[in-house]
Amino acid sequence: MASGIYVRASAACARYAGSAVPYGAAGTKGALISYATRFSTSASGSLRALVLADVEPGTARLTSASLSAVTAARQAIGADGTVAVLACVPAKAGSELKNVPKNLSKCFVAEHALFSHAIPEHRAPLVVQLQETHKFSHVFSPASTFGKALMPRVAALLDVSQVSDIVKVESASCFVRPIYAGNALATVEASDAVKVCTVRATAFEPATASDDLSGVQVENTSHLLESFLGNAAALSTFESEDKVQSARPELGSAKVVVSGGRGFKNGENFKMLEGLADKLGAAVGATRAAVDAGYCSNDMQVGQTGKIIAPELYIGVGLSGAIQHLAGMKDSKYIVAINKDPEAPIFQVADYGLVGDLFEVLPELESKL
Amino acid sequence: MVRKVLVGVKRVVDYLTKIRVQADGSGVDLKNVKWSMNPFCEIALEEAIQMKEKKLVDEVVAASIGNKSAAETLRSALALGADRAIHVVTPDGDASASPEPLAVAKILRKLVEKEKPGLELVLLGKQAIDDDSNQTAQMLSALLGWSQATFASTVKMEGNTHALVAQEVDGGLETVKISLPCVISVDLRLNSPRYATLPNIMKAKKKPIESISVESLGVDISPRNRVVHVASPPQRKSGIMVESVDQLLDKLRNEAKVI
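Just so you know, the sequences run in chain order A and B. Residue numbers for the first sequence follow this note's numbering, beginning at 12 and rising by one. Residue numbers for the second sequence follow this note's numbering, beginning at 84 and rising by one.
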């Protein structure tokens, strides 16, 4: 079986070499030959970067964060590299993939009933098998909870050090990532043969995607699962989930976010934010204090330990702006702070600050929108 | 019944400290800063202690990897209720040069092997607040071939064979049933860590801390990722204060043009 895959990978290599002509090879024959030789002599075939894609729950639609990871991967491998995506989906959903990056070299699909839920023990061995066959130079995934749980497991199995939550690609081996809750940016040179990274979605534009897979070479890798999935299934099984249903935009990708803190005093008051959010078409976020006090659910938490967001407009209401919270929102384009305490640290990062009682300001703001 | 639980604790710059980046870009200034136990590690430790109080485990073993100062963190773990501690001593030197998560996971694997039999559960924080990697627990379970649960907000033991763990994932909670032995990384909402009482701090002085040199474990801790440069994040331009809701809306509509 392994040799069969290898042949297909080589075919992809030839296809890629052909399509390389428009890529600045300047039409000179010598350049083209050296280009083709480079790939045919490389053990990797034409596949260089693999992106482990996350799929939206209950669909076969790749998440926007996965598309951002594709953008980062393309930057890392340069114009002459190629990107492949691995999508693990529920049984028989491989042909229904949606929101797949355009100009993709290859899409690996693995279908199994166990893949209805992202359990790292079930997926990591598959990634390792693909890596052994294709020798990718880069393996990337979004730094969502999906990627955070899966990727270090993959990295350890490959005996590779991981670079988490990258916000910038400097070169094929050099990446920038925040440390100390975003209070410092470290530039890191990775020396391992395979660069394993998770990618902060808000730092990279999502790759252009299409629902049309006709131009993409799709390879079903489900047969690779046979050798390990029995053991992996025994390690961990999905039991239940409690997902928050909301008609509002998803917090991580919303253009406008209104966020509340302890200043709301209780969960009933916190709902005042929803009226404002509806007027603005915004998502609702919260500080850790608001979540811990039970005003709202924990998946709304913005911060170092919650979601990292960078909307065009962030409106923080009744929150002080603790370091932990700022780490999650300070890359927003415009920040508005509404707080009755003029000394609140949030005012130091706000583009527009309004000192006032949120219980007076919010209704007025909502009525005037 | 799980006889032993191993808890990894890391000494980090205290979470309330406003860190300073060194002007030459070599790193974060770690001189004269307050250090304390990583908050996520405190939660992992609290969970282990509560398990012991519920008689789900017999012994709580705390482990830390670092230079000699890490012993202070282990002493506080003992004061909080750990039974004994293991200190894997790394060469003294720049405190910022702590081993990468992969090396830490390999060291913890050695400790797990040393503590067999009876060790069926490792509890770790989901991330350290200095390097923000969020890797060690996942790497350790991979190296051991064990099951993993990450970002745990509730942990329930199911007899002697399994644990039910609710994980905080994007979009809500997801509960998995994992088989023992396992590695669990904990999230903030799992519990509220206790404070050490003075009598317990005194008692902790008599509890044993076993020192092991990292060399004797045969794990290579040399970094695979070289930090080339550390910089301060770009400063935001200071904004303006507005006097009224009308003025705010005017700015958002006509200056920022975001609504």
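In short, the hints are calculated from the structure, not lab data. C-beta: ideal position from N, C-alpha, C; glycine also. A hint or two may mislead.
[Unchecked claim] Covered, in the sense of this in silico footprint (three residues per stretch, anywhere, with C-beta under 8 Å from a C-beta of chain B), are these stretches of chain A:
1) 157-170
2) 295-308
3) 340-347
[Stated by the list, open to error] No farther apart than 25 Å at their CA atoms in a straight line, the calculated lysine-lysine pairs in the DSS-like style are these:
4) K179(A) x K101(B)
5) K239(B) x K254(A)
6) K341(A) x K340(B)
7) K239(B) x K344(A)
Here is how each hint holds up against the structure:
no.	hint	in the structure
1	157-170	holds (count 12)
2	295-308	holds (count 4)
3	340-347	holds (count 5)
4	K179(A) x K101(B)	holds (24 Å)
5	K239(B) x K254(A)	holds (20 Å)
6	K341(A) x K340(B)	holds (19 Å)
7	K239(B) x K344(A)	violated (42 Å)
When the structure is compared with the earlier hints, a violation turns up for hint 7 alone.
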